[in-house]
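Undergrad: Listed here are the chains, written in short residue letters.
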Amino acid sequence: MKEELVIKAVIDNLDDVNFFIHKSIEQFDISKRTLMQLDLVVEEIFVNIASYAYSPNTGLVKILLETEVEPLSISLTFIDSGVPYNPLEKSDPDVNLSADDRQIGGLGIFLTKKLVNNMSYQFVGGQNVLQLTKSLQR
Amino acid sequence: MEIQKQLENTTLTVALVGRLDAVTAMELDKELKASLEGVKELIFDLAKLDYIASAGLRILLKYQKLMDKNGNEMKIKNVKVEVKEVLDMTGFSDFLNIIDSKVKKLSIEF
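Respectively, the protein sequence lines represent chains A and B.
The opening position of the first sequence corresponds to residue 5 in my numbering, with each subsequent residue numbered one higher.
The opening position of the second sequence corresponds to residue 3 in my numbering, with each subsequent residue numbered one higher.
Some hints could be false.
Taking lysine-lysine pairs in the DSSO-like style, the calculated list, with each CA pair at most 30 Å apart, reads [what the hints assert, rightly or not]: (1) A/Lys118 with B/Lys7; (2) A/Lys118 with B/Lys79; (3) A/Lys36 with B/Lys71; (4) A/Lys36 with B/Lys42.
A few chain B residues that don't get close to chain A, going by computed Cβ distances all over 12 Å [to be verified]: (5) Glu4; (6) Glu10; (7) Met28; (8) Glu39; (9) Lys42; (10) Thr92.
Note that these hints are calculated values from the structure, not bench results.
Idealized CB from N, CA, C, for every residue including glycine.
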């Protein structure tokens with residue numbers, strides 16, 4: 005099954021993005037825990053694009069959603085025409101530091117990488133194309 | 003998300019209900035900024051918090067640093083398993099003062 009959403013990349017649209025994802029997978033009755041992990045991944049990527057891709061202006065993001073059954077998985081592709089940015093090149097934050105030594109930031113992509121099965125990035129035709137795959141537990 | 007505040011002497015308890023995401027984290031930041039005057043102990047009651055993203059973690063870290071800096075205390079209580087998992091993955095469980103949590107550390111599964 006394939007679905008597509010084109011939406012303005014602004015943080016206030018996060019609920020609409022979640023609604024699109026939830027509606028597209030509601031038939032699979034996936035576990036609460038998996039849904040929370042998926043929401044987290046989607047939020048981190050979307051908020052990143054909303055915050056940085058077109059700053060200080062705004063622009064659109066296209067989200068392609070594809071699901072596969074047996075085994076059940078979801079593939080999401082985020083496409084924007086903002087500044088080239090490869091989140092996979094970002095180094096992971098040190099998660100062993102105390103509160104004092106912690107930097108505010110870098111956690112979103114770190115969490116995303118941990119919670120997906122596969123993630124790839126390409127800059128093609130002036131667009132950032134970030135694709136990720138996650139298996140879904142019922 | 004709903005933010006319920008209760009001030010008792012110098013202890014402020016903030017109960018969060020719903021989802022702490024990029025949108026609601028900004029609201030929480032505003033609320034806290036306006037409520038910390040004279041507070042020596044800040045307690046987050048997360049019994050009804052179902053979801054936390056990195057924007058929410060940033061708020062927890064920001065106020066942990068602020069309370070530490072002023073020699074005050076911050077505590078987190080009643081953390082749900084879904085939220086605890088995110089705190090564990092990011093190492094936040096190690097420096098946050100999480101009290102009376104019955105949730106054990108989880109391994110990451112897909």
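Undergrad: Hint by hint, say whether it matches the structure.
TA: Hints, one by one, checked against the model:
no.: 1; hint: A/Lys118 with B/Lys7; in the structure: violated (34 Å)
no.: 2; hint: A/Lys118 with B/Lys79; in the structure: holds (25 Å)
no.: 3; hint: A/Lys36 with B/Lys71; in the structure: violated (37 Å)
no.: 4; hint: A/Lys36 with B/Lys42; in the structure: violated (36 Å)
no.: 5; hint: Glu4; in the structure: holds (15 Å)
no.: 6; hint: Glu10; in the structure: holds (25 Å)
no.: 7; hint: Met28; in the structure: violated (8 Å)
no.: 8; hint: Glu39; in the structure: holds (22 Å)
no.: 9; hint: Lys42; in the structure: holds (18 Å)
no.: 10; hint: Thr92; in the structure: violated (6 Å)
Taken one by one, the earlier hints fail for this structure at numbers 1, 3, 4, 7, 10, listed in ascending order.
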